[in-house]
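Protein sequence lines, in the order shown, are assigned to chains A and B.
Residue numbers for the first sequence follow the numbering used here, so the first one is 1 and each next one is one higher.
Residue numbers for the second sequence follow the numbering used here, so the first one is 1 and each next one is one higher.
Derived from the structure by calculation, the hints contain no laboratory data.
Errors might be hidden in some of the hints.
[What the hints assert, rightly or not] Derived CB-CB ranges, DEER-like:
| hint | chain 1 | residue 1 | chain 2 | residue 2 | range |
| --- | --- | --- | --- | --- | --- |
| 1 | A | I171 | B | R177 | 21 to 27 Å |
| 2 | B | A72 | A | V146 | 31 to 37 Å |
| 3 | B | A353 | A | Q138 | 43 to 49 Å |
| 4 | A | E220 | B | V241 | 52 to 58 Å |
| 5 | B | A72 | A | L140 | 35 to 41 Å |
| 6 | B | L196 | A | V144 | 49 to 55 Å |
[To be verified] Okay, derived cross-link-like pairs now, BS3-like style, lysine-lysine, Cα gap no bigger than 27 Å in a straight line:
| hint | chain 1 | residue 1 | chain 2 | residue 2 |
| --- | --- | --- | --- | --- |
| 7 | A | K217 | B | K349 |
| 8 | B | K349 | A | K67 |
| 9 | A | K19 | A | K232 |
| 10 | A | K232 | A | K199 |
| 11 | A | K67 | A | K217 |
| 12 | A | K67 | A | K232 |
None of these values were measured; they are calculated from a predicted model.
A virtual CB, placed ideally from N, CA and C, is assigned to each residue, including glycine.
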Amino acid sequence: MAEEHNNGHKWTMIVDVDKCTGCQACVVACHAENNVPVSSEDEVIRGRAMHWIRIERYWEGEYPDVKARFLPVFCQQCGNAPCEPVCPVYASYHSTQENINIQVYNRCVGTRYCGNNCPYRVRIFNYWAPRFDAPLEQQLNPDVTVRSPGVMEKCTFCIQRIRRGREQAKIEGRPLEDGEIVPACAQACPTDALIFGDKWDENSRVAQMVPSERQFKLLENLGTEPAVYYLKGGEAHVGE
Amino acid sequence: MLESRATVGPYWERPLPDDEHLARQVEHGREELLMLDARPPAELNQLTLARMRQTGPRFWMAVAGLGVLTLAFFTAWAIQIVSGLGITGLNRSVMWGPYIANLIYFIGIGHAGTFISAALRLMRMDFRRPIARAAETITLFGLACAALFPIIHVGRIWKLFYMMPIPNQRELWPNFRSALFWDMMAITTYLIGSTLFMFVALIPDFAMARDHTTGWRRKVYGALSLGWRGTDAEWHRLEVVSNILSFVIIPVMFSVHTGVSWNLSMAIQPGWHSAIFGPFFVVGALYSGVAAVILVMIVIRKTMRYGYFMREEHFNAMGIFLLILTLSWIYFYFAEWITNWYGNLPMEKAIQAMLTGPLAPLFYLMLFCNIVVPLGTLWSRRVRTSLPAMFVIGILVQVGMYVERVLIVAGSLSRNELSFNWVNYTPHWPEVTVTVGTLAFLGLLYMVFTRFVPIIPVWEVYEGQAMQETRRVGRAVVSTRTEVH
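Same shape as in the complex, but just chain A (with noise of 0.2 Å):
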């Protein structure tokens, strides 16, 4: 589905991978805002691990010189989706406010076609009933759907920020500023690693941002048009 400007937003998300310290803050903010269950240790290890957010560790080289890189991962937001056509119920599809890919939960009927044709493995499936241990249960976000068993789910951009925060603007009668709708992740990063803005509004920190020569899309051959976009130098890396 083409995304045409001048039509909602183009939400985009930059990771800055020289800037990423593999401190996971990201993935505990998003397990607390988006009301993701945690995995117990037998489910992690039986590969269910269930994070909208996760942090990639690929080492490189042999011990001892060994260097640990982090790759912060999470739904790409494609422009060009291969999730979407898939779906036989249109649980998956593309909002053409927001521009990015919408799981319908309530739409959904588990048959995971979609988590097979995502190249970036991102979306998860609901093996179990969620279930929260005490006291996380007491701090679920009312804001956004429990999902029940059989569903798929993934990362949303926030979609409850970003539509509060419009909603909060309409209100006050004045555009959407830069910077006023933070998704959880970016929000809790320490080192500024993700930003997040309106890639349309040409003053926004990631319309500026996007040209970086250290830019890169991920899986980039594939032609999916992610709206996430890496930042890597040359050898800048952490964890020496």
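Please build the complex by placing chain B on the supplied structure of chain A, with the hints as guidance.
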């Protein structure tokens, strides 16, 4: 003494030629070929019906065994619905596993039935006559079992109707761009089409059963035979309808397994995204399907003592058919493999490394079952006409083709673009129980079916026998066929 003169007596009472040499040849032909070994239709009717009534202790023991396994299957399914798919071994990368492999497998074994029936009918192959119904029955129940798997597989079975184009006040429709939707349509069409095709051919046999039974059976068969009386007009219409349905069902058959393979190949998952998958899967389906028909033929011949109908010539013909399919399947598999191997792309290399690495036992088992054994043995007529040998080959092809599907579905998924997400898959008890249980369910349905429905299309057999003749050419007797179509 040319036999082309119109014979006076009924076709099953053809006198032997006076010449001893010629008579021996005719006798030999009658031993070998079912079509020459004509017997009165009434005798064949009795033979078919008598076997349908036989249910010995072995039969009931088999029913009980398969019934227990079927019960285990439905129990496992119920537990899975209640507790969620968490009890399976699926994980966040391998989201499709044996359930989808089973879908492919069961549609696959259901494939040969209609193919044998429809294509061989159009090609006027007489060896199809006694086995067509047995093959169609596999199609019927294979498809029914396959149709269970999308339902077993989904996360929220109670929302499955969202996938169907049911008008609703919110005007929400299924996504016509999704390969799953195409597949669902193809399977439904095929299920309806092949059931119709099978039913049409069953009408004269139902009428035959109606005329030889009493009580409730007579009523049921009477209703099913739709008032068939056996007039010329009725036979003519049956012929026309069967031919039309044969032409219709063959493209539908191709669409079904192409549709199933497109579930995989329309995705951009490495190891799946391949244009060859459509024809490759059709051939694979026929391969396992023909092997399944051979297995069923052996079991029916043994347990129902249908040695008169299913002879060496039939196993020989089916063996040759299987050998052709072995070669076709090898060709496609090789084409697929060498394209990936030569391309040397990192993802495809990773998948091949896994097949020859952690999954090597399964991979080599598959090659052994699908290539080494059939290719090494089926060229021999002695093997093709030996029931134990054909049984073993049939089983091995089933195993091989099943493993192949699991390797394609779960094996490919465990390797994907970002190596951080490589997760291996091991099946847990629900997948095993459901898979074994469905096989038992298929067997159970089949067994019960053979006691209600004539599993031999008797009218097709005596139609063929009536049209078959022997003719003398010099010192040799050759069999000839009258074309009445």
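Quiz item: Is the Cα-Cα distance between A/K232 and A/K199 27 Å or less?
Solution: holds, 19 Å
Quiz prompt | B/A72 versus A/L140 beta-carbon gap, inside 35 to 41 Å or not | solution = holds, 39 Å
Practice problem: Can you let me know if the beta-carbon spacing of B/L196 and A/V144 is within 49 to 55 Å? | Solution: Between B/L196 and A/V144, where Cβ atoms are some 50 Å apart, the hint holds.
Quiz item: Measuring from beta carbon to beta carbon, are B/A72 and A/V146 in 31 to 37 Å?
Solution: holds, 34 Å
Self-check item: Straight-line alpha-carbon gap A/K67 to A/K217, limit 27 Å
Solution: holds, 22 Å
Quiz item: Quick one: are B/A353 and A/Q138 within 43 to 49 Å, going by C-beta?
Solution: Since the Cβ atoms of B/A353 and A/Q138 sit about 47 Å apart, the hinted range of 43 to 49 Å holds.
Quiz item: If you draw a straight line from the CA of B/K349 to the CA of A/K67, is it 27 Å or shorter?
Solution: Holds, at roughly 25 Å.
Quiz item: Taking only the CA atoms, is the gap from A/K19 to A/K232 under or equal to 27 Å?
Solution: Roughly 9 Å between the alpha carbons, so the hint for A/K19 and A/K232 holds.
Quiz item: Taking the CB of A/E220 and the CB of B/V241, does the distance hold inside 52 to 58 Å?
Solution: 56 Å Cβ-Cβ, so the 52 to 58 Å window holds.
Quiz item: Taking only the CA atoms, is the gap from A/K217 to B/K349 under or equal to 27 Å?
Solution: holds, 23 Å
Exercise. For the range 21 to 27 Å, tell me whether the beta carbons of A/I171 and B/R177 fit it or not.
Key: Once the Cβ atoms are compared, 38 Å apart, the range 21 to 27 Å for B/R177 and A/I171 is violated.
Quiz item: Has the given pair, A/K67 with A/K232, been kept, meaning a C-alpha gap of at most 27 Å?
Solution: Judged against 27 Å, a Cα distance of about 15 Å means the pair holds.
Taken one by one, the earlier hints fail for this structure only at number 1.
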